[in-house]
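J.: Starting from the known structure of chain R, arrange chain L on it as the hints suggest.
Chains R and L, in that order, are what the protein sequence lines are.
When we follow the numbering used here, the leftmost residue of the first sequence carries the number 299, and every step to the right adds one.
When we follow the numbering used here, the leftmost residue of the second sequence carries the number 8, and every step to the right adds one.
Bear in mind the hints are in silico, worked out from the structure with no lab data behind them.
None of the hints are false.
Restricting the straight-line Cα-Cα distance to at most 25 Å, the calculated cross-link-like pairs of lysine to any residue (SDA-like) are:
id, chain 1, residue 1, chain 2, residue 2
1, L, Lys189, L, Pro215
2, L, Lys57, R, Gly535
3, R, Lys365, R, Leu380
4, R, Lys365, R, Arg550
5, R, Lys534, L, Asn36
6, L, Lys57, R, Arg450
7, R, Lys365, R, Val354
8, L, Lys57, L, Tyr67
9, L, Lys57, R, Asn436
10, L, Lys189, L, Arg207
11, L, Lys57, R, Gln437
12, L, Lys189, R, Ala327
13, R, Lys534, L, Arg256
14, L, Lys246, R, Arg550
15, L, Lys246, L, Arg262
16, L, Lys189, R, Phe331
17, R, Lys534, L, Arg52
Keep in mind the model is a prediction, meaning the values are calculated, not measured.
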Amino acid sequence: MTTETLVASAPTRAASRVRLGRWAFGANAALVFGFLYLPVAILIIFSFNDTRSVAVFTGFSTEWYLKLAANDELLASARNSLVIGLIVTVAATVIGTMTALAMDRHRFRLRTAFDANLYLPIVIPEIVMGISLLLFFNQALFPFLETLTRYRATTGLHTITISHIAFDIPFVYIIVRARLADFDRTLEEAAQDLGADEWLTFRRVTLPLLMPGIIGGALMAFTLSLDDYLITAFTKGVGSQTMPLYIYSLVRRGVTPEINALSTALLVGSIGLVLLSLTAQGGVPLFTRAMGIGGVLGLMGYTLRNLITLLGGGEAALGGVLFRLLLLVPVAWLWRALPRWRSDLQEANPAGRLLAVFSLLAAGGAAYISAILLLV
Amino acid sequence: MTETARRGSRWQLGGLLAPGAGWLLLFFNLPLVIVLFISFVERGRAGSIKWPPVFTLENYIDFFDALYLGIFANSVRIAFIVTAICLLFGYPLAYFISQRHPRWRDALLLLVMIPFWTNFLVRTYALKQVLGAEGLINSLLIGAGLIPGPLDLLFNEFAVIVGLVYGYLPFAVLPMYASIEKFDFALMEAASDLGANQARAFLRVMLPMTLPGVIAAFVLTFVPVVGAFITPDIMGGGKVEMIATLINRQFGVARNWPFGSAISLVLMLLVLIGVIAQFRFGGEERRTL
Numbered sequence: 299m300t301t302e303t304l305v306a307s308a309p310t311r312a313a314s315r316v317r318l319g320r321w322a323f324g325a326n327a328a329l330v331f332g333f334l335y336l337p338v339a340i341l342i343i344f345s346f347n348d349t350r351s352v353a354v355f356t357g358f359s360t361e362w363y364l365k366l367a368a369n370d371e372l373l374a375s376a377r378n379s380l381v382i383g384l385i386v387t388v389a390a391t392v393i394g395t396m397t398a399l400a401m402d403r404h405r406f407r408l409r410t411a412f413d414a415n416l417y418l419p420i421v422i423p424e425i426v427m428g429i430s431l432l433l434f435f436n437q438a439l440f441p442f443l444e445t446l447t448r449y450r451a452t453t454g455l456h457t458i459t460i461s462h463i464a465f466d467i468p469f470v471y472i473i474v475r476a477r478l479a480d481f482d483r484t485l486e487e488a489a490q491d492l493g494a495d496e497w498l499t500f501r502r503v504t505l506p507l508l509m510p511g512i513i514g515g516a517l518m519a520f521t522l523s524l525d526d527y528l529i530t531a532f533t534k535g536v537g538s539q540t541m542p543l544y545i546y547s548l549v550r551r552g553v554t555p556e557i558n559a560l561s562t563a564l565l566v567g568s569i570g571l572v573l574l575s576l577t578a579q580g581g582v583p584l585f586t587r588a589m590g591i592g593g594v595l596g597l598m599g600y601t602l603r604n605l606i607t608l609l610g611g612g613e614a615a616l617g618g619v620l621f622r623l624l625l626l627v628p629v630a631w632l633w634r635a636l637p638r639w640r641s642d643l644q645e646a647n648p649a650g651r652l653l654a655v656f657s658l659l660a661a662g663g664a665a666y667i668s669a670i671l672l673l674v
Numbered sequence: 008m009t010e011t012a013r014r015g016s017r018w019q020l021g022g023l024l025a026p027g028a029g030w031l032l033l034f035f036n037l038p039l040v041i042v043l044f045i046s047f048v049e050r051g052r053a054g055s056i057k058w059p060p061v062f063t064l065e066n067y068i069d070f071f072d073a074l075y076l077g078i079f080a081n082s083v084r085i086a087f088i089v090t091a092i093c094l095l096f097g098y099p100l101a102y103f104i105s106q107r108h109p110r111w112r113d114a115l116l117l118l119v120m121i122p123f124w125t126n127f128l129v130r131t132y133a134l135k136q137v138l139g140a141e142g143l144i145n146s147l148l149i150g151a152g153l154i155p156g157p158l159d160l161l162f163n164e165f166a167v168i169v170g171l172v173y174g175y176l177p178f179a180v181l182p183m184y185a186s187i188e189k190f191d192f193a194l195m196e197a198a199s200d201l202g203a204n205q206a207r208a209f210l211r212v213m214l215p216m217t218l219p220g221v222i223a224a225f226v227l228t229f230v231p232v233v234g235a236f237i238t239p240d241i242m243g244g245g246k247v248e249m250i251a252t253l254i255n256r257q258f259g260v261a262r263n264w265p266f267g268s269a270i271s272l273v274l275m276l277l278v279l280i281g282v283i284a285q286f287r288f289g290g291e292e293r294r295t296l
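Extracted from the complex, chain R is given alone in its bound form (with noise of 0.2 Å):
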């Protein structure tokens, strides 16, 4: 053998095992991916099988979310999930950004303890708190309540909504605050420069640069909500139930295609929903607002719709009716919005502009079922 092949082959043993080393981290994350998403892919793909089984694919058929659409367990065990998760929404994301507010623009004592125990309950076996909530409501403050007003107080849908409220502040927190800390103070310093007091600095200048980590917050919130299992189940009462109970007592009995169909519809749901929350984290004020149109729009096809079909139908209770049309008052907003979001649309790149018609829809089409569950 001479010197000349020596030297040659050196290297292609290198390249060689360097693609074999090339090959070999494709197939690892292949097969990761493949572990990740194959059981979830077979879920959806036999939620779409015409007979039971969910090993052979025997044909089409949307037979079981038909199924789904006339269960009334279902659909009241789904109105209790969005109407809890609505609430804790509203009141999570409320107190989270005040409290991020606080803990970014002051120094206290006891500041760094607050902190810590501002995460304790993200890190803390869900469990625990659950046991720790049914303690503290059953042997605590119902019999203290007793004993203060005489009335017996049970856990309930308030109790769950209260537990959900609690576990959601500090995700709201930590978005709103890692919004806070790229904060820009000198725009704040540039608007009282210029003469606006502090309540109109924080309106005009402050809330709307935090709204995208505010409203990505709020998804969270309500994911987070919208399918908790068990701290729900903890502080649950009797005959109150939620969509993830539900799922719960279904899946311990076995395997059906129905809970195929409704995983199914959770998975595209909450999946729209985490895309929606990171388009808005995203920072650009074209998905924000493309959530609120979206938003808006369902929420006015739902009424137009239902008003339709009221005064068509004679049985129009004048309640009924006001309450319906109070439903239009942000449309005053989308007269303001309407415009802006569209030149703000034509100068975005074709993705951006991909995004956030999606955004728009998938927010019109979140309110307009959540409209149709709650207010039917």
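T.: Using the frame of chain R, we list chain L on its own:
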């Protein structure tokens, strides 16, 4: 700052802080104090506590029974196995993602993150369906004639471990990715120029420098896994006991609230030690979640 302005700022701070602090103190901290209290009192007849309370250490002493220590050790063992698997597959995946073109990188990272925000129950159900007796894996194996009847892939420790890896693998990837992404790969070339082979360069250069991310990933996976409830309950079908299912039983059929409280506090202590260790050794990657 003038005196009035400072006082105004105090009022503002109070107003902003009061709702959040009040809510958490009342509905998070106070309930934990009550758990602490109940864990030190004797159990009453109907499962709740004796009133007036009789203080005792019995609940903690009971915990040192071989049966309960065994369940505790079993949870820790399962959590170690799960975390090890997550790190073993997660590290190369994080490396793979860090080497992609930025456009692909963001898409792949999104793929890692989506499972975080999808319903955990639904994901666990999806896996249960694949592993079931009439599920895809058994159907394929039987169809191929490899096995005569369905394998028992569900309701055992194997199923729980697979389920936990499935649920928590994304937790491991992100902190390691944050570390690897910051790593300067020129150092690997330098090591190779100085005569180290690939394995040596990895072990002596890349691994030590990305260790904070690995530690963060370890804690972020281990902590939720050791206290997991849904996965052992659904995938174990009541046959695999972990700490959380044991706690749940004390508040359900066993009706022993003081004992359940004591176990909960032990679990919380274990988790807090892990989290504090991570803040101490995990470097800046702690903020990735």
